[in-house]
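**Q** Make a model of the complete structure from these sequences and hints.
Per my numbering, the very first residue in the sequence shown carries number 1; after that it's consecutive.
Keep in mind that a hint or two might mislead.
[What the hints assert, rightly or not] Here are the computed distance ranges between Cβ atoms for each label pair:
id: 1; residue 1: Thr24; residue 2: Ala4; range: 14 to 24 Å
id: 2; residue 1: Gly29; residue 2: Ala55; range: 17 to 27 Å
id: 3; residue 1: Glu58; residue 2: Glu32; range: 24 to 34 Å
[As the list claims (entries may be wrong)] Taking lysine to aspartate or glutamate pairs in the EDC-like style, the calculated list, with each CA pair at most 20 Å apart, reads:
id: 4; residue 1: Lys8; residue 2: Glu43
id: 5; residue 1: Lys45; residue 2: Glu9
id: 6; residue 1: Lys8; residue 2: Glu54
id: 7; residue 1: Lys26; residue 2: Asp13
id: 8; residue 1: Lys8; residue 2: Asp35
id: 9; residue 1: Lys8; residue 2: Asp30
Derived by calculation from the structure, the hints in this document are not laboratory data.
The model shown is predicted, which means the values in this text are computed figures rather than measured ones.
The beta carbon of each residue, even a glycine, is placed where N, CA and C say it ideally should be.
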Amino acid sequence: MTPATIIKEVMADGVRLALTPTGTIKATGDREVLDRWLPLIRENKPGIVVERQEAANEIHKPEGDE
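**A** What follows is the structure in structure tokens.
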């Protein structure tokens, strides 16, 4: 499973993955759901961080700067 797919699926399960100011990720949501996803999130953490950083950069990219 790719980091992008993991993000999509955990979000569909109600888990929120947010970048922290230190460049890591914080997962929040229902405890049971988190417990089910955390091993996979931890295993793929570097790729998930990169995906979240790229998504954040797209949001903050000025218009016409493609």
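**Q** Evaluate each hint against the coordinates.
**A** Going through the hints against the structure:
| no. | hint | result |
| --- | --- | --- |
| 1 | Thr24 / Ala4: 14 to 24 Å | holds, 18 Å |
| 2 | Gly29 / Ala55: 17 to 27 Å | holds, 18 Å |
| 3 | Glu58 / Glu32: 24 to 34 Å | holds, 32 Å |
| 4 | Lys8 / Glu43 | holds, 16 Å |
| 5 | Lys45 / Glu9 | holds, 15 Å |
| 6 | Lys8 / Glu54 | holds, 15 Å |
| 7 | Lys26 / Asp13 | holds, 15 Å |
| 8 | Lys8 / Asp35 | holds, 17 Å |
| 9 | Lys8 / Asp30 | holds, 16 Å |
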